[in-house]
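Each chain is listed here by its residues.
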Amino acid sequence: MIIVNSETLNTLDSYSKNKYKYGFVTDIDSEKPRKGLNEKIIKYISSKKNEPSWLLEWRLSSFRKWKKMKEPDWANLNFPKIDYQDIYYYSAPKGFKDKPKDLSEVDPKLIETYNKLGIPLEEQKVLAGVAVDVVFDSVSVATTYKGELEKLGIIFCSIGEAIQKHPNLIKKYLGSVIPPGDHSFSALNSAVFTDGSFVYIPKNVKCPMELSTYFRINSENTGQFERTLIIADKGSYVSYLEGCTAPKRDDNQLHAANVELIALEDAEIKYSTVQNWYPGDEEGKGGIYNFVTKRGLCAGKNSKISWTQVETGSAITWKYPSCILKGDNSIGEFYSVAITNNYQQADTGTKMTHIGKNTKSKIISKGISLGKSQNTYRGEVTFLRKSDKARNYTQCDSLLVGNQCGAHTVPYIDSKNNTAVIEHEASTSKINEDQLYYCRQRGLSHEEAVSLIVNGFCKQVLQELPMEFAVEAQKLVSISLEGSVG
Amino acid sequence: MFLEIKDLSVKIENKNILKSLNLNINKGEVHAIMGPNGSGKSTLANVLAGKEDYEILNGKIIFKDNDLFDLNIEERAQEGMFLAFQYPVEIPGVNITPFLHSAINSKRKRMNQDEIDNLSFAKLLKSKASDLGINIDMLKRSVNTGFSGGEKKRYEILQMSILNPDLAILDETDSGLDIDALKIVTDGVNKLKTKDNSFLIITHYQKLLDYIKPDYVHVMVNGSIVKSGGSEIAAEIEKDGFQKFQ
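From first to last, the protein sequence lines are chains L and C. Sequential numbering from 1 applies to the first sequence in our numbering. Sequential numbering from 1001 applies to the second sequence in our numbering.
Each hint should be verified, as a subset may be incorrect.
Stated by the list, open to error - Computed footprint of chain C on chain L, listed as stretches where at least three residues anywhere in the stretch have a Cβ under 8 angstroms from a Cβ of chain C:
1. 434-440
2. 449-460
Claimed, not checked - Looking from chain L toward chain C, a few residues come up when the C-beta cut is under 10 angstroms (computed):
3. SER429
4. GLY443
5. LEU444
6. SER445
7. HIS446
Note that these hints are calculated values from the structure, not bench results. Backbone N, C-alpha and C define an ideal beta-carbon position, used for all residues, glycine too.
Isolated chain C (complex conformation) (with noise of 0.2 angstroms):
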């Protein structure tokens, strides 16, 4: 199994988040988890991610035959999961070429790669930049500063195409995106679609799943997944709400 969550609870501030959740995917999956607001879909994305808030009352997370809680944040972004935030955070005066360079190489030393030279990391960057729209100028700006909601949605998609995860996690990446930016970033999730990496997407709304076509979707609320299918529940879901999943 390539990510297994099993019988998964979760609480922060004495608020149990997560109820006994479970989830399998395989390699070449795409899954998408919807939602309404508060029935922990981006709890479960930072979990997965390792964020430190959260208290694991029960369950096991299984990532690449790894016990995904004996890995640190940065061992488990290095194993190859990411996550793109809903809210991109500013880091001002760190120039995201650097910072995507010592990203990627510390990547590879993990891997037992050689590290990428600044050239060829200069070269890469520019190539995946152009094919993501994204304007050359805007690479010379710190990370997230003074950047649009949208421009921050596709600089976390430039990221994941630059670090080729094995699992990328997308948390809301449409919500604030009118439908050119949302077009820019899908086309850059299906560029990076393969065989052997798997997406899990987690979305609010169907319009997402217009232009990535899931394998699976789960529909999560009260912090448990209850009801899993194909793309006809996000139909469902377009057409009803969530109201008769409740």
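With the rest of the complex left out, here is chain L (with noise of 0.2 angstroms):
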């Protein structure tokens, strides 16, 4: 599919020494329960979180459900068996009874830490109009501009702050889009969750800033189940970003997150991820094991839930952002850039379920493969019977780099309603020598090329990105080809 010389190989055979610069480790004691997973550490959890007992009671009814479930086998991954009693289920530095109320009382090297991400959590340094939450191992660290928001009605907190402050919220919502008996991994996930955040918007509020949580893993042998939960009520808007990163560790970690979004009439939410995960070495070796599930729901007419993706980091990705169309005229959309290199595998994609009459679902997914990596997209459009005159339109590219890497296209379709209307494209492009040539004469360094060559690939997912990520995203987009640019 693609023509490459010996050049090309070389220079991407340089990409694949690839420096992952977030890969460092924050020397804090933290504090564990012992590795394992029973009903002991779900209750250790519980009440390290202080939570009241329905919650407790609904964590053990997940583990059971666990307990009774296998792990989804239908992606194409490949991976050794993952021992759920080798993990640590919580770690949170030591001595972090409360989340600190400012941030004098959050530990120096935390701070550091997120300083050397490029992540800073004093407010003046921060991103002008960005509010990030903070999450480090299990447990949230600090959240900015809380007050700010506050005024407006907007609660935007860690979810074990919304579980304290905001129960009937909560009750109502936890699980309601994401039910725990779904599959293996949102069962695991509602047992033993940890943090994540939580965002309200209330009626007719336009949230004035982009909500954005950055996820950490530190210790060895963790796990993070993060759990996030978004609702905007009628005639709201928000925009969500998420970032993360890991240390370079040989062993892999797992990574299960769960994420729910209810958007009511004439809400929208968008929700946006950067997954910079550390993806292994050069051999294949460690990196995490991404199995996320997220899923929206566009629960009230004319609401619009919007999901965008780079995903850059993991050795293993299986993830696919969904929609449930059930308000009429509401709108369901997917973005994604999924690069894999080395020894890498992808199994991402999406899920549009059109319930309500004139419902539309867009998919534009570019997948780019390099090294020996797989990359799979996986997509399931449905329309239900009284879906009338609903709509999908799907494009998948593919662009393979290299002639031992894998690029897979899935789509199915299933259509109940015969008024629905449904357009599918693929392509496979290639950065073929030409371009590389042109490029080149134009005075380009042949990583200059690829790279831009790439962004352009891309560049129609990168720019649904919010505006103040758009930027950082192309350059993890040149990072994960080439190393360390920028």
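Combine both chains into one complex, guided by the hints.
So this is what it looks like as structure tokens:
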């Protein structure tokens, strides 16, 4: 599918000696119960978080469901069996009893960690117009701009805090879009989730700034099971972004998050992800196993949920941000760039379920495979019986660089309504030698040329990111290709 | 000597294309190479630019005191060599502004000059574009993507005028152009011409040479230059074709 000459291969080879610049470890004592998954650890987590008894019961019943379930095995992924008893399910910086009230109470080592990651926690240094919630292993360590948001009635806090302060919203919506028994990873997450973010936007409020969560796994052999819940009430709007990194380690680490979005009538949620978990080294050793369930419910009429993801990290990515288009005229969108290099494997895509009338969905997926990686787009578009005049547009493009990687496209379409309009386009573009020659003849280096062409290939998706992050994402794309630009 | 091609023989896929070719170009000169299809004209352009598909069997090329074969494609470009392509390739999603901005800065870097900032570059690009009658809206599009043949050629000339090369090679730039487009393209070349830069114009037809006056015309047949002289040769070819040179 692609023409390569020896120079291209050499350049690619040097790309594969990828340097992951977020791979450092913060030397901080953490408090961990023993490894292993059992009712005791679930009770421990629940009591650490001072949870009401109904939630503990919810966790325990999820755990019982999980025990009876098997991992989904239909993905195009190859990895050794996960030993759930060899994982720490809770890790918090020592002495971290309550979330610090302000930054002066936060361990300076943590602040330094985030400065190193380019996420300064001091508000005056934070990107203007972006509020950040920061999650370190199992706990949220800081949330910025909280006061300003509160004035508008917007709730932006860690899910742990929301459980204490807004139990009614939690009780009503937690697990309402992703039921614990949906599959084994959702059951696992429901049983042991630790922290994550909670957002509530009141009626007719347009959130004036980007909300953002930054996830960091630091401790060894620790799983991160975050839970995020975003509710946009009638007529409201919010744009939310998450970023993730982890230290370089030889062992694989498990990350199994659940993210639920609910958009009521006329509300819009824009959810963007820049996923840069440690991908493992060039031999395929180490890296994060990223099994994530993200699902949005367009509950009300004219509501809209839009997922944008830039997936460059993780040894394994298993992720299908989905939309349930229940309200009439509701819209679901999925924009994705997935880059795999070395031995990375990604099986990612989306599910669009059309229930209401005149519902629309749009899927733009760009997969780029390098090295010995495997990159699969998997999508399912379903039109239920009453989804009159629903439409879907799907475009899947793959870019293969080198001849040892693989790109796969697996689209499922299921229509029970004959007024549905379905469009599907797929292409395998290629970085061809003519494009490289052209760029180099203008004076660009081979590396610059590849990065320019790949960024051009992804542009349709990258331009969907909030402006503050589009530039970062572009850089990240270049880094995933070559190592240490910028 | 500015450009010296000495006894150059080149093959591709077991086929000898250039055979003991000699050509000298001085600063400030305009040379035209004419020849029938398949005579090796485009091969010469690509060998000069550094395209890697060719096998150099023999010969030497000196460009601005450098052994050209010591430089890779981008180094040659940064040294001031520009090739206006016969078929400019489309690069979807890559906007011309950052593309050319990176290009000019990589050249300036090699010349130990300061980089041009965004604003100054945008101004430069706009003014050059309007000189060439290129609509500003076209600058918002991706490199060559969805362009007509004429638009692509004008874009090549725009890039040339931004990068301001010492040696510009125009590979059949006139092919596929109507008279209006041809005028815009040749005007651009004439504006750019100084006593310090040189042009190598490759063409099949004489028409282009009505607008750009070459100092020398060479006839290329079967991979060698068989005749060199002034613009009277172009008139001869116009009249009798390449037959008598073969």
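Now for the hints, and whether the structure bears them out:
1. 434-440: Coverage by chain C holds for the region 434-440 of chain L (6 residues, Cβ < 8 angstroms).
2. 449-460: Contact hint for the region 449-460 of chain L vs chain C: holds, 8 residues under 8 angstroms.
3. SER429: This hint holds: SER429 of chain L lies near chain C, its Cβ roughly 8 angstroms from the closest one there, short of 10 angstroms.
4. GLY443: holds, 4 angstroms
5. LEU444: Interface hint status for LEU444 of chain L: holds (6 angstroms vs cutoff 10 angstroms).
6. SER445: With Cβ-Cβ at 6 angstroms, under 10 angstroms, it holds.
7. HIS446: holds, 7 angstroms
Violated hints: none; the structure is consistent with every hint.
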